[in-house]
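Chemist: This is what each chain is made of:
Number of protein chains: 2
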Amino acid sequence: MDLMEYLDSTQKQVDRMIDRFFGDEFLELGKASAHLLLAGGKRLRPAVVMLAADAVKRGSSDEVMPAALALELTHSFTLIHDDIMDSDAFRRGVPTVHTKWDEPTAILAGDVLYARAFEFISIAEASDNAKVRAISMLAAACVEICNGQHMDMSFEKRNDVTVGEYLEMVSKKTGALYAASAGIGSILAGGNAVKTHALYHYGLYTGMAFQIQDDLIDIMTTPEKSGKDRASDIREGKQTLITLKAKEKGLDLSEYRRELTDKEIDELIERLASLGVIREVRDTALELVEKGKEIVSILPDSEAKRLLIDIGDYFVTRGY
Amino acid sequence: MDLMEYLDSTQKQVDRMIDRFFGDEFLELGKASAHLLLAGGKRLRPAVVMLAADAVKRGSSDEVMPAALALELTHSFTLIHDDIMDSDAFRRGVPTVHTKWDEPTAILAGDVLYARAFEFISIAEASDNAKVRAISMLAAACVEICNGQHMDMSFEKRNDVTVGEYLEMVSKKTGALYAASAGIGSILAGGNAVKTHALYHYGLYTGMAFQIQDDLIDIMTTPEKSGKDRASDIREGKQTLITLKAKEKGLDLSEYRRELTDKEIDELIERLASLGVIREVRDTALELVEKGKEIVSILPDSEAKRLLIDIGDYFVTRGY
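Here the protein sequences line up with chains A and B, keeping their order. FYI, the numbering for the first sequence is 1 to 320, going by this note's numbering. FYI, the numbering for the second sequence is 1 to 320, going by this note's numbering.
One thing to keep in mind: the hints can contain errors.
Repeated chains share a single entry, so a pair holds when one copy, or any two copies, can fit it.
[Claimed, not checked] Simulated pairs of lysine-lysine, DSSO-like, Cα-Cα distance not exceeding 27 angstroms:
1. K293 / K57
2. K249 / K263
3. K100 / K238
4. K249 / K225
5. K157 / K31
6. K157 / K249
7. K31 / K238
8. K238 / K57
Keep in mind the hints are simulated off the structure, nothing from the lab. All values reported here derive from a predicted model rather than from experimental measurement.
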């Protein structure tokens with residue numbers, strides 16, 4: 001099976017589970033919790049959970065489905081809370097939870113999904129010992145994500161952020177959940193410490209690359225494809241690897257913290273390209289993916305392993 | 001040992017653990033997470049975890065200490081998020097987290113404690129099977145608490161709340177965490193389904209009584225003792241069992257939704273007393289405690305069982 005077919009089929013599987021467990025909420029708070037989940041998504045973290053499980057023990061992806069859903073719930077909970085913190089009004093083409101309802105409801109809606117993530121891991125088909133370790137890994141990832149989000153917010157008030165700090169932030173904010181996805185898939189499928197370690201770090205590095213690609217997509221992709229305004233990071237003064245690398249080369253992007261015309265954005269991209277910024281940022285993402293692919297190469301060959309490698313490549317080639 | 005001595009000693013034990021794990025936070029977000037925990041508290045939920053464990057298996061309270069801490073962390077996380085939703089500026093004599101830091105930090109600080117609660121259960125000394133069931137029970141309790149808080153907020157916009165709805169809200173918002181405290185103590189100590197069911201419902205009923213007593217304390221206790229302004233619930237127009245019972249007797253407390261003098265509060269209490277409201281509310285709390293005590297009576301006699309019964313009485317006799 002090729003990767004796009006695989007992702008398409010797991011997406012449908014996850015969508016069906018979400019519909020089954022969250023499609024028919026009775027309470028208003030339940031509807032608020034389900035809102036973003038039902039608005040769609042690529043369901044990449046569940047795919048990584050299932051592939052990691054299959055790479056460790058062929059055919060175990062069905063057994064870890066509840067855990068795959070748990071990782072999507074965790075992702076959705078962080079989006080709901082992040083949208084409050086960032087005052088974002090739209091996501092996935094729908095109003096964010098705190099916009100459609102209110103802030104208190106959005107805080108609680110995230111809190112509900114958070115708990116349900118742990119509930120769903122506890123009902124996966126796996127040994128109790130594996131479940132306890134998986135729960136512990138998810139909890140640790142959640143702490144990391146919070147620290148990453150807090151770092152990211154603190155960056156907005158600083159103008160001396162280093163590339164090292166940025167990479168640390170990305171490893172926590174985005175890497176930790178992909179790491180936990182692959183690690184939990186491995187643990188629940190009975191993977192030993194070496195395999196779990198490899199898969200965890202595969203998720204960490206490719207997850208970081210995923211975020212850097214997101215930063216590139218923000219300026220390179222048209223709004224029709226990406227679903228959000230082009231160059232929103234730059235217009236909002238966010239610190240990304242692009243702004244940090246540009247700064248190293250003497251180009252201060254903070255002067256672009258304002259409304260930009262398409263022409264200005266095109267000129268800016270050209271300038272970033274001629275300074276070598278785009279290439280360096282892309283290289284960083286590619287290097288991280290290579291690290292992830294290398295570390296996962298210790299696993300015995302399988303279709304799942306090949307698809308994990310393909311996902312790494314997909315993370316840094318996707319255009320939206 | 002008498003109950004006050006016991007509560008005093010478990011409080012010190014929990015305080016020491018909190019100090020060990022949260023007293024020396026390096027990151028700003030860690031400090032924000034630890035802020036309310038370090039501000040003190042009676043640590044009643046940890047005491048219930050430990051007593052339930054001891055009632056099931058004598059001497060097992062040390063083994064469940066991490067889980068006892070987990071229940072306090074869960075309580076603290078709900079307080080941090082509730083304070084944001086209710087816009088409360090002070091608690092336990094210190095500024096609330098969103099006041100001392102900011103709202104985004106407070107959301108994240110709560111989210112960090114949430115994850116760490118699950119981490120701490122996973123390191124309790126118990127069988128893996130027991131830990132998975134305990135984690136599942138904690139997760140379910142968290143969903144209940146969120147639903148209870150959402151119900152409570154929705155009550156503020158309604159004037160047709162029934163006593164039944166109020167009791168349902170209290171069972172979720174406060175009862176569920178006491179229920180989980182006793183249930184988790186039992187599960188981790190190896191309690192069978194009958195004992196765990198009994199202890200869970202003991203926690204549920206006495207926890208509900210605890211909240212009703214809180215409502216009474218709000219109007220009956222002087223600010224010096226309770227640490228908050230007298231009759232704040234009535235001045236803020238909150239729906240409690242007192243306002244609902246008063247309404248049944250034709251006294252609409254919404255006209256008191258304003259600044260009140262001490263004299264006005266004293267007169268109001270007298271009126272509530274002469275209408276029989278105070279007695280009826282107190283009776284409801286006492287009935288719940290009796291239900292809790294009755295259900296826990298199926299356990300074999302032990303000092304822990306006696307202390308659990310004493311805690312029930314303490315919940316509805318305490319003045320602050």
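Chemist: Now, for every hint given, state plainly whether the structure supports it.
Modeler: Status of each hint after checking the structure:
{"no.": "1", "hint": "K293 / K57", "verdict": "within (19 angstroms within a copy, 50 angstroms between copies)"}
{"no.": "2", "hint": "K249 / K263", "verdict": "within (22 angstroms within a copy, 71 angstroms between copies)"}
{"no.": "3", "hint": "K100 / K238", "verdict": "both (25 angstroms within a copy, 25 angstroms between copies)"}
{"no.": "4", "hint": "K249 / K225", "verdict": "neither (30 angstroms within a copy, 63 angstroms between copies)"}
{"no.": "5", "hint": "K157 / K31", "verdict": "between (35 angstroms within a copy, 19 angstroms between copies)"}
{"no.": "6", "hint": "K157 / K249", "verdict": "within (21 angstroms within a copy, 56 angstroms between copies)"}
{"no.": "7", "hint": "K31 / K238", "verdict": "between (32 angstroms within a copy, 25 angstroms between copies)"}
{"no.": "8", "hint": "K238 / K57", "verdict": "neither (42 angstroms within a copy, 55 angstroms between copies)"}
Against the hints set out earlier in the document, violations occur for numbers 4, 8.
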